[in-house]
Amino acid sequence: MLQLKVNKKLQLPDGLTSLDLEMEFRPGKVTGISGDSGVGKTSVLRMLAGLSEPDNGTISNDGNVWFNKTERQNLIPQKRGLGFVFQDHQLFPNMSVIGNLRYAANGDKNAVDKTTYYLDRFGLSDFKNSMPNSLSTGQKKRVAIIGALITNPKLLLLDEPFAALDEKIVKIIQDEILNYTKESLCITVLVTHEIAEIFKMVDYLYTIKSGKIYSRGTPSGLFTSGASGNTLSIAGIVVGNGGDNDHVKVLVNDQLLEVPRTSETFEIGEKILVNLGAGKIEIMRQK
Amino acid sequence: MDWGPFYLTFKLALVTTLILLVVGVAIANWLAFSRFKFKSVAETLITMPLVLPPSVLGFYLLVAFGPQYAFGKFLIETLHVNLVFTFSGLVVASILYSLPFMVQPIQSALQNLPATLRETSYTLGKSKLETFFRVLLPNIKPSILTGIVLSFTHTIGEFGVVLMIGGSIPDQTKVVSIAIYEEVEALNYDTAHFYAFILFAITFSILLLVYSLNKKPITFFATAKSK
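Top line first, the protein sequences correspond to chains R and B.
Counted the way my numbering counts, the first sequence spans residues 1 to 287.
Counted the way my numbering counts, the second sequence spans residues 288 to 514.
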């Protein structure tokens with residue numbers, strides 16, 4: 001089990017925040033991290049990866065110390081058995097798709113079959129000789145996910161990996177990540193805002209608010225208890241009025257929802273968030 | 288017509304550029320990513336030849352390498368290396384004189400690469416060295432070419448430093464720029480013009496070729512912020 005007990009001061013767009021976190025991540029499980037933008041979710045992944053150093057505290061995996069401030073221990077990222085898909089992931093521009101994946105595979109012969117399998121599953125077989133600058137954002141993201149999976153990571157860190165991907169391919173990728181996590185007993189950590197993703201992928205969810213753990217538990221447990229507060233939101237678009245004008249019709253993915261109107265006025269076509277809590281649905285303007 | 292100065296000039300430029308390529312890339316990498324407390328002092332020293340009169344640099348090198356001071360004495364008596372009025376001395380002086388022309392474009396390009404390129408490579412288990420050679424360097428090829436060309440042409444054109452540290456010994460330290468100066472002094476304008484024109488044509492051709500190959504303009508001042 002991977003354990004993190006750290007604090008770190010962060011300079012975020014909204015000002016200085018102090019992260020003070022205690023978290024656990026279990027093998028064969030997907031642990032979700034959610035919370036508002038700029039709350040420090042990516043920083044957690046970077047500290048787990050060894051790309052960013054906590055100000056204080058410890059990170060350990062099965063009793064092996066990865067980071068200990070007082071003992072001045074800090075295991076380099078290369079030795080943490082990682083797969084990391086960054087939010088703004090960059091493929092290596094000097095290598096083709098297959099070149100990027102060969103570089104990731106590091107001469108592992110088993111990786112060849114896996115590469116072919118994932119390229120096919122993720123709809124990229126025809127693009128294996130393409131250079132990154134000729135790919136769309138979504139295609140690059142898919143290559144990045146393959147690159148992380150074929151290295152047999154023991155810790156898979158995913159920072160909003162499904163943004164910019166279309167729905168059909170997202171389902172395939174999610175299934176593959178779940179299979180890999182269970183079969184390889186990988187510790188998978190997923191940073192996400194999307195409630196659908198959380199319910200499908202996440203076994204245990206942490207939400208962060210004001211630098212602290214705001215809630216923790218299984219997604220269904222959190223939602224029925226209301227412990228997740230307003231931190232989980234679905235993005236949608238206002239398409240009209242509903243009920244006796246006391247509801248707003250909102251399009252979320254392909255589904256039409258009717259959400260109780262608030263005192264605010266929403267324009268048709270306006271992008272909004274539907275916040276979900278126990279026994280409570282609320283509509284708010286996207287910032 | 289004595290072709291010796293041309294041979295010497297291009298030999299000097301070639302040797303200097305090759306050594307600078309290794310030294311300059313290493314220094315640029317260090318400057319781009321190091322958190323060394325006194326990095327700005329190192330950056331200042333390396334950039335100094337851009338603004339310092341070449342004769343000042345040449346003078347200090349002459350003093351440093353000469354036998355009358357401790358360092359020069361050590362070089363000559365202990366290491367048996369004489370850097371005053373020798374080709375080796377010209378190479379050392381040229382390396383120092385052209386250092387910013389190699390370091391600046393490469394440092395700037397390294398700093399402009401997205402940090403996630405390095406970080407992704409590290410998370411794939413790659414060492415810093417492998418990341419440097421397989422990811423960073425291949426993605427800054429135009430800037431490396433810029434550094435090579437600027438260092439080469441700058442060395443061809445140097446005068447003050449060479450004159451101070453090397454003097455004008457035929458086939459040892461008498462490079463074209465000094466030959467031109469001496470021909471003018473002797474009022475041999477035809478020979479001076481011949482030397483000057485060939486030097487002009489060669490440097491013009493090199494720069495034209497690079498501008499044609501490199502779509503981006505040649506810049507040698509670091510403009511990037513350290514990430």
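Treat the hints with caution; some may be incorrect.
Claimed, not checked - Below, in silico cross-link-like pairs of lysine-lysine (DSSO-like), each with a Cα-Cα straight-line distance of 27 Å or less:
1) R:Lys182 / R:Lys29
2) R:Lys140 / B:Lys428
3) R:Lys9 / R:Lys209
4) B:Lys415 / R:Lys69
5) R:Lys182 / R:Lys168
6) R:Lys9 / B:Lys326
7) R:Lys128 / B:Lys428
8) R:Lys140 / B:Lys415
9) B:Lys415 / R:Lys109
10) B:Lys415 / R:Lys154
11) R:Lys168 / R:Lys209
12) B:Lys326 / R:Lys69
13) R:Lys154 / R:Lys29
14) B:Lys324 / R:Lys9
15) R:Lys212 / R:Lys171
16) B:Lys428 / R:Lys69
17) B:Lys415 / R:Lys79
As the list claims (entries may be wrong) - Partial list, derived from the structure: chain R residues whose beta carbon lies under 7 Å from chain B:
18) Leu82
19) Pro93
20) Ala104
Unchecked claim - Stretch by stretch, here's where chain B covers chain R in the computed footprint (C-beta under 8 Å, at least three residues):
21) 72–79
22) 83–89
Everything labelled a hint here was simulated from the structure, so no lab data went into it.
Every residue, glycine too, gets a C-beta built ideally from N, C-alpha and C.
Results for each hint:
Annotation: proposed proximity of Lys182 of chain R to Lys29 of chain R holds, straight-line Cα distance about 7 Å (limit 27 Å). Our distance criterion of 27 Å between C-alpha atoms is met by Lys140 of chain R and Lys428 of chain B, whose separation comes to about 23 Å. For the proposed pair Lys9 of chain R and Lys209 of chain R, the alpha carbon gap of about 14 Å is at most 27 Å, so the pair holds. Taking the CA atoms of Lys415 of chain B and Lys69 of chain R, the gap is near 23 Å; set against the 27 Å cutoff, the hint holds.
The straight-line distance between the Cα atoms of Lys182 of chain R and Lys168 of chain R is roughly 22 Å, inside the 27 Å bound, and the hint therefore holds. For the given pair, Lys9 of chain R sits about 25 Å from Lys326 of chain B by alpha-carbon distance, which is consistent with the 27 Å threshold. Note on Lys128 of chain R and Lys428 of chain B: the hinted pairing holds, with a Cα-Cα distance of about 24 Å set against a maximum of 27 Å. Taking the CA atoms of Lys140 of chain R and Lys415 of chain B, the gap is about 24 Å. The hint holds against a cut of 27 Å.
This hinted pair checks out: Lys415 of chain B and Lys109 of chain R have alpha carbons roughly 24 Å apart, not beyond 27 Å. Between Lys415 of chain B and Lys154 of chain R the CA atoms are separated by roughly 21 Å; this keeps the pair inside 27 Å, and the hint holds. Of the pairs offered as hints, the one joining Lys168 of chain R and Lys209 of chain R is violated, with about 32 Å between alpha carbons and a cut-off of 27 Å exceeded. Distance restraint check for Lys326 of chain B and Lys69 of chain R: the Cα-Cα separation of roughly 26 Å lies within the 27 Å cut-off, and the hinted pair is therefore satisfied.
This hinted pair checks out: Lys154 of chain R and Lys29 of chain R have alpha carbons roughly 11 Å apart, not beyond 27 Å. Between Lys324 of chain B and Lys9 of chain R, the direct Cα distance comes to roughly 21 Å. Compliance with the 27 Å bound is thereby established for this hinted pair. Distance hint between Lys212 of chain R and Lys171 of chain R is unfulfilled; the C-alpha atoms sit about 31 Å from each other, more than 27 Å. Proposed proximity of Lys428 of chain B and Lys69 of chain R is contradicted: the alpha carbons are some 39 Å apart, above 27 Å.
A hinted pair counts as satisfied when its Cα atoms are at most 27 Å apart, and Lys415 of chain B with Lys79 of chain R qualifies at roughly 13 Å. Hint status for Leu82 of chain R relative to chain B: holds, with the closest Cβ pair at about 4 Å, below 7 Å. Evaluation of the Pro93 of chain R hint against chain B yields a held restraint, the C-beta minimum of about 6 Å falling below 7 Å. The interface hint given for Ala104 of chain R holds, since its Cβ lies 5 Å from the closest Cβ of chain B, which is under the 7 Å cut-off.
With 4 residues having a beta carbon nearer than 8 Å to a beta carbon of chain B, the stretch 72–79 of chain R meets the requirement of three or more and the stated coverage holds. With a threshold of 8 Å between beta carbons, the proposed coverage of the stretch 83–89 of chain R by chain B holds, since 5 of its residues qualify and at least three are required.
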